[in-house]
Amino acid sequence: MQIIRDIAMLRRAVSALKQGGKSVALVPTMGALHEGHLSLVRMGKRVADHVVVSLFVNPTQFGPNEDFAAYPRDEARDAALLAQEGVALLWAPEVATMYPAGHSTHIEVAELGADYCGAARPGHFDGVATVVSKLFNQVRADVAIFGEKDWQQLAIIRRMARDLDFAIDILGAPIARDADGLALSSRNAYLSEEQRAAAVALPNALKAAAKAIGSGADVAEALARAEADIVAGGFDGVDYVALADADSLERLGLFRKPARLLAAARIGKTRLIDNLAVD
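With my numbering, the residue at position 96 of the sequence shown is 113, and numbering never jumps.
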């Protein structure tokens with residue numbers, strides 16, 4: 018596996034991978050890899066000839082009081098895991114490479130980024146859209162793969178790619194979960210043993226709400242019950258629990274397909290997100 022930090026070298030290496038009509042899949046990450054990330058890599062290997070993984074902890078998507086400095090970093094461990102999975106290239110640029118002196122351009126996907134995590138983390142999705150657009154231009158892959166755990170992020174990236182005419186297919190990979198149902202996340206490492214046991218209240222509440230709404234229950238009542246269950250399960254607060262149109266992210270007061278339950282909640286100093294399709 019090649020590890021590259023220079024854009025010119027990256028483009029030469031990707032061009033070499035594409036020789037003979039071969040295809041390339043991009044899996045963007047911020048490192049601290051877990052089984053969820055590796056499932057994206059495996060999907061990439063199924064849909065393309067070569068997989069390129071980016072590893073970059075993006076400062077522009079962290080707010081001033083968020084965990085950028087504390088975000089877990091272990092490039093050597095991550096690289097070893099990716100090499101075992103047969104990744105062709107690890108793109109691991111420095112901050113100065115991604116954002117050289119004088120960098121002053123950002124991308125905003127206005128409507129999709131305004132609600133939910135966008136309201137709780139102002140500027141977050143501008144940082145995500147900007148760095149992902151740069152990764153698309155740098156790697157020039159045929160397909161990019163993102164986890165469905167951050168459904169709002171996936172919807173924003175799909176809209177951005179469509180609006181800006183990126184010649185790349187965007188695929189969503191199913192949420193990877195622990196045996197008890199908690200979605201895998203790099204931030205799960207912040208949880209104490211007690212908090213980790215309590216965190217399962219989040220997916221359990223969403224599962225119950227999805228079943229209720231799919232069976233015809235009142236949406237507002239089902240969402241209120243889910244929020245109460247999350248707090249009763251040990252969370253310190255709920256940022257939102259919402260039923261949304263899966264594509265436009267419009268909040269829904271009445272169930273219609275395709276719909277997604279979206280939630281974010283805080284336990285200790287850790288903020289966890291999750292979502293479920295409603296059938």
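Just to be clear, a hint being listed does not mean it is correct.
Claimed, not checked - Each pair of labels, with its calculated beta carbon distance range:
1) Gly119 x Pro275: 24 to 32 Å
2) Met26 x Ala196: 25 to 33 Å
3) Met26 x Ala249: 51 to 59 Å
4) Ser209 x Thr114: 35 to 43 Å
5) Arg22 x Asp264: 21 to 29 Å
6) Phe272 x Glu52: 26 to 34 Å
7) Asp296 x Gln36: 40 to 48 Å
8) Ala237 x Glu210: 33 to 41 Å
9) Ser40 x Arg273: 19 to 27 Å
10) Ala33 x Gly270: 47 to 55 Å
11) Glu210 x Asn82: 39 to 47 Å
Honestly, the hints are just simulated from the structure, not real lab data.
Glycine included, C-beta positions come from ideal geometry on N, C-alpha and C.
Sort out which numbered hints this structure fails and list those numbers smallest first. 1, 2, 5, 9, 11
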